[in-house]
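2 protein chains.
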Amino acid sequence: MSITSFNPPVRTLMGPGPSDVHPRVTGAMARPCIGHLDPAFVGMMDEVKTMLQYAFQTKNQLTIPVSAPGSAGMEAAFQNLLEHGDKAIVCQNGVFGGRMKEVVERCGATAIMVEDDWGKPVDPQKVEDAFKANPGVKLLAFVHAETSTGARSDAEALSAIAHHHDALVLVDAVTSLGGSELRVDDWNIDAIYSGSQKCLSCTPGLSPVSFSERAIEVITSRKSRVQSWFLDTNLVMGYWGPNAKRAYHHTAPVNALYALHESLVMLQDEGLENSWARHSKNHMVLRAGLEAMGLSFIVDEDYRLPQLNSVTIPDGIDEAEVRSRLLNEFNLEIGAGLGALAGKVWRIGLMGHSSRAENIFLCLSSLEAVLNEMGANIETGVALSAAKAAMK
Amino acid sequence: MSITSFNPPVRTLMGPGPSDVHPRVTGAMARPCIGHLDPAFVGMMDEVKTMLQYAFQTKNQLTIPVSAPGSAGMEAAFQNLLEHGDKAIVCQNGVFGGRMKEVVERCGATAIMVEDDWGKPVDPQKVEDAFKANPGVKLLAFVHAETSTGARSDAEALSAIAHHHDALVLVDAVTSLGGSELRVDDWNIDAIYSGSQKCLSCTPGLSPVSFSERAIEVITSRKSRVQSWFLDTNLVMGYWGPNAKRAYHHTAPVNALYALHESLVMLQDEGLENSWARHSKNHMVLRAGLEAMGLSFIVDEDYRLPQLNSVTIPDGIDEAEVRSRLLNEFNLEIGAGLGALAGKVWRIGLMGHSSRAENIFLCLSSLEAVLNEMGANIETGVALSAAKAAMK
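If you read the sequences in order, they're chains A and B. Sequential numbering from 10 applies to the first sequence in this note's numbering. Sequential numbering from 10 applies to the second sequence in this note's numbering.
The hints are simulated quantities; they were obtained by calculation from the structure and are not laboratory data. One or more of the hints may lead you astray.
[Claimed, not checked] List time: in silico DSSO-like cross-link candidates among lysine-lysine, alpha-carbon distance up to 30 Å:
#1 A:Lys147 - B:Lys290
#2 B:Lys110 - A:Lys110
#3 B:Lys110 - A:Lys96
#4 A:Lys129 - A:Lys147
#5 A:Lys110 - A:Lys135
#6 B:Lys254 - A:Lys254
#7 A:Lys353 - B:Lys254
#8 B:Lys96 - A:Lys110
#9 A:Lys110 - A:Lys290
#10 B:Lys68 - B:Lys232
#11 A:Lys110 - B:Lys68
#12 B:Lys96 - A:Lys232
#13 A:Lys232 - B:Lys353
#14 A:Lys232 - B:Lys232
#15 B:Lys232 - B:Lys147
#16 A:Lys110 - B:Lys232
#17 A:Lys135 - A:Lys353
#18 A:Lys290 - A:Lys397
#19 A:Lys254 - B:Lys110
#20 A:Lys232 - B:Lys147
#21 A:Lys96 - B:Lys232
#22 B:Lys290 - B:Lys147
Just chain A, with the same shape it has in the complex (with noise of 0.2 Å):
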């Protein structure tokens, strides 16, 4: 055995995430690492503590990164709230609604499905239904960006619907926070995560998750242990909670907090609402770009997500060959389709620092060129041309 050390290739990442990730970030996670406990890591602690916070659009106190990807926050989340013999009404309108319910199954908990079609929001009306038919309903599940389609559900609506019903709301929003539209607060959610690795242009490995004080009673009260010590809200509060006197619960992943931290001090920097029009500038400029080209949409307008592009594939194009000649000739990475768009769409990921216009220009024009390459036909600069009128 003789195994040197590895030097990845440079790329651009305009898959589904990870987002490229600014030299700033990766350099910071490149510092010395310290103790979990030394008083110069709880001070960093407590300011991605605030930087969450405004990322949220939240004043919850339990606002923290969980120290493993956006799934262990999904499982956090659900673990936390749901005891065994609970009633959810999970949606479904991609992949993630589906992994929701294999969650909450995993909880000894009931899954009550509302299903939308693939690339559509979730149907409020159904939702509506599904509390009429099912009373004691304990929470609402729904992903507010399907990163699977590139769709964006009414979250705002959809919480009004549980909380006039008593229920909880709990929203997947790894592919929104920082890139979307996104409060918190003002839309009474009540438990809430995300991943690293999207519009906060993070390494991956870490799960932002916020809980309301209506949801920590519920966890403070339950009945039942939760299911994972590892997530166990009421035990990682000893060491991330306020006021708290930093009890050792697990090590925390020192060098990728630092990362974390990097990244929420360039969303502060930019401004929340400034990333989310940059992110939906970028957008009309890469759509500008792939419908010259004749490339289409899967998702409406009004519910498309800036950051989450899923388009057609061209008759007669192998699809994962595009893919593959992007990546090898031109180290760029665009995402599969997932699931029921296996094989169907491209999605293309214009998500934190990978939204930017030289990105957009490097997707357009070696995607221009593969696909001529391989018997398409399109005018050549057309899609340029189109992307640079968008811009300004």
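The hints should help you fit chain B onto chain A, whose structure is shown.
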């Protein structure tokens, strides 16, 4: 709000972990992020698995890093192997056996406790007695290297007892992996977990685990689903498994895995047995210095871990003030006592990259200076002379 970039102090880490991270490892962590399904990344994953097999001394195919800290690795081991109603014998001789009990119970299983004094190894006779008194036990769980005390238990002997009674063997090797002799295959261990931030000297946040073929049979023939979707080995193997198509499960912590890869390359280049020998030798050097200062070890030499040194506190000395002075005046972190040993010992770590002469000399010289300032009466230089002599 105006939070700026975080620049940590540069510490020397001689607590119970994280240990000092070599600049090669933090440097690797700062390399450009690529996609978690990128062919280049998948190649790196295979190398990580190969090197973890080497570190664990196993041919187990299912030898991977869990994408979260050691406590999640602990849960991965128990949650995959245990179902509601199962019985497990759990040995406790420190903090982490107690955590195992918590995790077992949260799996809906029964923990039959075998208790030994803190600072002592697990007593094989008590384990044998527990098996005899409790037919139908599914697994035996114990901590190989108790981070809270510095005691090593005889994993080989305990494993033999369990197999004699047809039970699986589950081992916590958080502090032993890379620092003390550990042979998963020779010792017939069925499930084992560790942490990245101890003797591997990687940053915290990952938990290497390994499961035997026998354990995999148990997992794949479960009656109920694993409680955690995130930790369900049946699903994780779709991403990490041999010859897997690398199906997306969760987004891997890409840059953290770069760091683990680099730390494992360093372990491979040093040689595993050389690393064990270095940990032993440096313990003898530190020990000579500490004993010359009048400090004593709470763990007998026969089963003392070289990488985790629990030493008594001189009479009349405020132990917290000593740690605080070492941190503030010398940027040196040593560990406090934990659980039953809180306030009674210091835990001085010599793990991984922290296990080297310059750290020992800094520790001895600064500890001597601080203790003498606080009223101890240690002969100047006696510790360093003894340590220097022990280096020969």
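Verification of the hints:
no.: 1; hint: A:Lys147 - B:Lys290; in the structure: violated (59 Å)
no.: 2; hint: B:Lys110 - A:Lys110; in the structure: holds (29 Å)
no.: 3; hint: B:Lys110 - A:Lys96; in the structure: holds (29 Å)
no.: 4; hint: A:Lys129 - A:Lys147; in the structure: holds (25 Å)
no.: 5; hint: A:Lys110 - A:Lys135; in the structure: holds (17 Å)
no.: 6; hint: B:Lys254 - A:Lys254; in the structure: violated (46 Å)
no.: 7; hint: A:Lys353 - B:Lys254; in the structure: holds (19 Å)
no.: 8; hint: B:Lys96 - A:Lys110; in the structure: holds (29 Å)
no.: 9; hint: A:Lys110 - A:Lys290; in the structure: violated (34 Å)
no.: 10; hint: B:Lys68 - B:Lys232; in the structure: holds (27 Å)
no.: 11; hint: A:Lys110 - B:Lys68; in the structure: violated (36 Å)
no.: 12; hint: B:Lys96 - A:Lys232; in the structure: holds (23 Å)
no.: 13; hint: A:Lys232 - B:Lys353; in the structure: violated (36 Å)
no.: 14; hint: A:Lys232 - B:Lys232; in the structure: holds (25 Å)
no.: 15; hint: B:Lys232 - B:Lys147; in the structure: holds (14 Å)
no.: 16; hint: A:Lys110 - B:Lys232; in the structure: holds (19 Å)
no.: 17; hint: A:Lys135 - A:Lys353; in the structure: holds (27 Å)
no.: 18; hint: A:Lys290 - A:Lys397; in the structure: holds (12 Å)
no.: 19; hint: A:Lys254 - B:Lys110; in the structure: holds (24 Å)
no.: 20; hint: A:Lys232 - B:Lys147; in the structure: holds (27 Å)
no.: 21; hint: A:Lys96 - B:Lys232; in the structure: holds (23 Å)
no.: 22; hint: B:Lys290 - B:Lys147; in the structure: violated (39 Å)
Consistency note: the structure conflicts with the earlier hints numbered 1, 6, 9, 11, 13, 22.
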